[in-house]
Amino acid sequence: DSGVTQTPKHLITATGQRVTLRCSPRSGDLSVYWYQQSLDQGLQFLIQYYNGEERAKGNILERFSAQQFPDLHSELNLSSLELGDSALYFCASSARGTGIPEAFFGQGTRLTVV
Amino acid sequence: AQKVTQAQTEISVVEKEDVTLDCVYETRDTTYYLFWYKQPPSGELVFLIRRNSFDEQNEISGRYSWNFQKSTSSFNFTITASQVVDSAVYFCALSEAVGNTGFQKLVFGTGTRLLVSP
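Residue numbers (this note's numbering), protein chains in the order written: chain A, 1 to 114; chain B, 1001 to 1118.
Certain hints may be false.
[To be verified] Here are the computed distance ranges between Cβ atoms for each label pair:
#	chain 1	residue 1	chain 2	residue 2	range
1	A	ASP1	B	SER1074	24 to 34 Å
2	B	ASN1058	A	PHE69	38 to 48 Å
3	B	PHE1054	A	ASP1	22 to 32 Å
4	A	LEU61	B	GLU1026	22 to 32 Å
Derived from the structure by calculation, the hints contain no laboratory data.
Here the structure is a predicted model, which is why all the values come from computation and not from measurement.
Glycine included, C-beta positions come from ideal geometry on N, C-alpha and C.
Turn these sequences into a full structure, and let the hints guide you.
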């Protein structure tokens, strides 16, 4: 158990809809990372938050957004969903904001857009 | 940009065989970290090892061993006496700085699917 909790584990929704994925970091970790694993793009970095602030952005679509709350949990919001957004979404957390990148991931949320 | 190549898409072995998964990387950074993850059919990413670029010593953990060679930019993973439970997709990853933020992300290879049959 990595200590990173993601909910829900599975999500099925229709095209055009909006969903929210939730991530609770390990106790004491200030930084949260989001990754997407899709069949065509593989595993790729989406966005990082540190202590409530966005600190790094990767290949994240404009239809996607994230935030980190005062209790340090994070949410990834996906809107106007398309079939191609079907993927596994992973969250990782880190105690440090910089330096050694984090190694431990949550169990992921499998999103299916129909 | 950093790049990780796992040329082996799929490997099939019979139980008790040794198997090596290859990972070749490209980076301009002098300090970086390399990772291996296991993704079983259930989908989670299981951390196996993290190695920094200054530590070229090989590492062994039970049936798992890793061979890091900076000269060839490779970080290969060997499973000795493979077992059916080793069947999974294995990912190699490399750290990459995100602009000038001081933060790092992971760049993953495309993965190698290992099938171990009884």
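Here is what the structure says about each hint:
no.	hint	in the structure
1	A:ASP1 x B:SER1074: 24 to 34 Å	holds (31 Å)
2	B:ASN1058 x A:PHE69: 38 to 48 Å	holds (43 Å)
3	B:PHE1054 x A:ASP1: 22 to 32 Å	holds (30 Å)
4	A:LEU61 x B:GLU1026: 22 to 32 Å	holds (26 Å)
Every hint, counting from the list given before, is met by this structure.
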